[in-house]
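Novice: Given next are the chains, with one letter for each unit.
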Amino acid sequence: MDPLVNSLLNVVLILLSVVFGAALLTWLERRLLGIWQDRYGPNRVGPFGTLQIVADMIKLLMKQDWVPPFADRLIFIVAPAFAMFVVVAAFAVIPMAPGVGVVDLNIGLLFFLAMTSLGVYAVMFGAYASDNKYAMLGGLRAAAQMVSYEVFMGLSLMGVVMLAGTFNLRELVLAQVDGWFIGPQIIGFFIFFMAGIAESHRTPFDLPEAEHELTAGFHTEYSGMKFAMFFIGEYVSVLMSAAMITVLFFGGWLGPDWLPPIAWFLLKTITLVLLMILIRGSLPRPRYDQLMAFGWKFMLPLSLLNLIITGALILI
Amino acid sequence: MIWAYLYNIVFYASCGVTVVATLLMISRHNAVHALLYLIVSSLSLAIIFYLLGAAFAAALEVIVYAGAVMILFVFVVMMLNQGQRSAALEAAWLPARGWIMPSILASILLALLLLGMNSEHPLQPYGVHGVAVKDVGIALFGPYVLVVELASFLLLSGLIGAFHIARKMPSHMDQNTLDEAGNG
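Chains as they are written, first to last, in our numbering: chain A, 15 to 330; chain B, 183 to 366.
Chain B with its partners taken away, still in its complex shape:
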């Protein structure tokens, strides 16, 4: 019994953290702080996944989203290192008036979500059966193998694109020679 209570407490606490962190992420003016809240939100999302029995999805949420994708975001923001001025600019771009319409839309969505959750299948998180890594693998390379192949196409095209952008210019075409040609 005590475990069920604990489970519920952790579950709702991480739900609350996710929602609050996501809201803060949207409303921060400092880009690095916003990213920090986005990371917190994806970490607490991972806890929710874990509690719902999807341990593998939880691990991937941390490894891929928090551990790789967000790091690239932070990397770029750090490299630009915009500081106080851009935070002030950001604040100027987001006047109180700008929040009205999005808030109305978001509350309509929230109402729909609550309505949907209130139907005959109420959420019963405790005691759900876990999904083993093996099941995920079998599903991915069984019924969903086409999707896996499509995703690998996408990754390959990304790789080729990156290779194209980062390739070495032939020596007669590098930027300096082009500039000189333009000046001359």
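Only chain A is shown next, with the shape it has when bound in the complex:
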């Protein structure tokens, strides 16, 4: 096949499957949470409620596209689009299987970190533009939380980078042929997993949008499709965390021959997504100061320790 056509096909298919996957995840999560909490969840529209996302989509599209008169108009409109943009852009560097993936950057891992660190802006500017006290408090919390958790998110990945000797995600996967990095980097995995949940601000790290104290946090003033952008962006970022953990710690598409590589990748990613939903369904939300203290006083030293031990083991 012509390489240009091939890469265009890759781009379009990955973009569509990521966005539809995220939309489907909104249904899957509600359904699973329902089952785990001993109720049905959305089960009316279509078989097992799978068409619930269509119903939601119609509802969100039909809603009035409203910008509050006191809002900072331009930033208010740009913020949700940016929230969606950064997470989808980060998917560009994820290698899903040999020949499947948008771009093969030499600094792929750094690109991923750059996109996650830009994700804070969507939340902060959304909160600022809303000119609402709840939104402002949520935005400030989100900024502090995401900046803090980003620090050791990056540090926790450096162990993997040291073992593989590259920032290129495809080479990182190939470096795991003899054994996944989950073994030697179990601490790194644990830290990255927590940081991934915190970056997508989901329960138990959903302090920026804690309903009982901040109504909806930074997206209080948002409705209709603008709200949906934030919402879907959050689910895309869950998918992205799971895909990233698969690539970095679970050997990406590597697996026995009886399934094609892409199937292994999807299987591992979906398992991790389900684990994240289970965590949401089972853990309570901590207090805000507990969250920050846990980050800086426990996770950061732990990731530094992990780095020192990994370095020492490589040198021996």
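None of these hints come from the bench; they were simulated from the model. The structure presented is a predicted model; accordingly, all values stated were derived computationally and were not measured. The beta-carbon is built from N, C-alpha and C at its ideal position, and this holds for glycine as well. Hints may contain errors.
Beta-carbon label-pair distances, calculated as ranges [claimed, not checked]:
(1) B:Arg-279 / A:Pro-17: 57 to 65 Å
(2) B:Ala-239 / A:Leu-27: 26 to 34 Å
(3) B:Ala-239 / A:Ala-103: 17 to 25 Å
(4) A:Phe-312 / B:Met-283: 20 to 28 Å
(5) B:Ala-314 / A:Leu-27: 29 to 37 Å
A short, non-exhaustive set of chain A residues, derived as facing chain B with CB atoms under 10 Å [unchecked claim]:
(6) Met-150
(7) Gly-153
(8) Ala-157
(9) Thr-180
(10) Phe-181
Fit chain B to the given chain A structure using the hints.
Specialist: Below, chain B alone, put in the same frame as chain A:
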């Protein structure tokens, strides 16, 4: 050939965006808008770095400058949340007359820059060899190790300063007791 054209288009477009965004950053009265333009300017600067072959510098520009330093700026500005009144005040502080002298200075600098670029080494961005992350690391911990150590001194002193400012007051010296002592 088409790639060379595309490369040039992207390069000059991001140069243009950087210049315009920086100018807008200086001239905005609303602090948050100014910061937004500063972020745009550093992002397009990252694209320029990337196109010139310094991929690692580009990533750091986004992660450190746009992703960490600017966030702290926005954080503080949001916390102060100054709104319309301060924007009006800012506008009053920047009358048209105030632009004359800086503009003259800036245009002298621009003329010097153009003169410097027009010498026998014209800019040839396309086809430059890339600097790998490994090269940066080897350079940092080889010939430039002293600079790295000095920078870590600086960071350590910053850390100690922050620790000093944020430390807990001994209970007999907290603000309330001091106030009472002052009143009594």
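Novice: Hint by hint, note whether the structure agrees.
Specialist: Here is how each hint holds up against the structure:
1. At roughly 59 Å, the beta carbons of Arg-279 (chain B) and Pro-17 (chain A) sit within the given window of 57 to 65 Å.
2. Taken as a hint, the range 26 to 34 Å holds for the pair Ala-239 (chain B) and Leu-27 (chain A), whose Cβ atoms sit roughly 33 Å apart.
3. Between Ala-239 (chain B) and Ala-103 (chain A), the C-beta spacing of about 19 Å keeps the proposed range 17 to 25 Å intact.
4. Against the hinted window of 20 to 28 Å, the Cβ-Cβ separation of Phe-312 (chain A) and Met-283 (chain B) comes to about 53 Å, which falls outside the hint.
5. Between Ala-314 (chain B) and Leu-27 (chain A), the C-beta spacing of about 31 Å keeps the proposed range 29 to 37 Å intact.
6. This hint holds: Met-150 (chain A) has a C-beta 7 Å from the nearest C-beta of chain B, less than the 10 Å allowed.
7. Hint on Gly-153 (chain A) holds. Least Cβ distance to chain B is approximately 7 Å, under the 10 Å limit.
8. Hint on Ala-157 (chain A) holds. Least Cβ distance to chain B is approximately 5 Å, under the 10 Å limit.
9. Hint status for Thr-180 (chain A): holds, given a least beta-carbon distance of 8 Å to chain B, under 10 Å.
10. Given hint, Phe-181 (chain A) at the interface with chain B, holds; its Cβ is 6 Å from that chain's nearest Cβ, closer than 10 Å.
Of the numbered hints stated above, the single one contradicted by the structure is hint 4.
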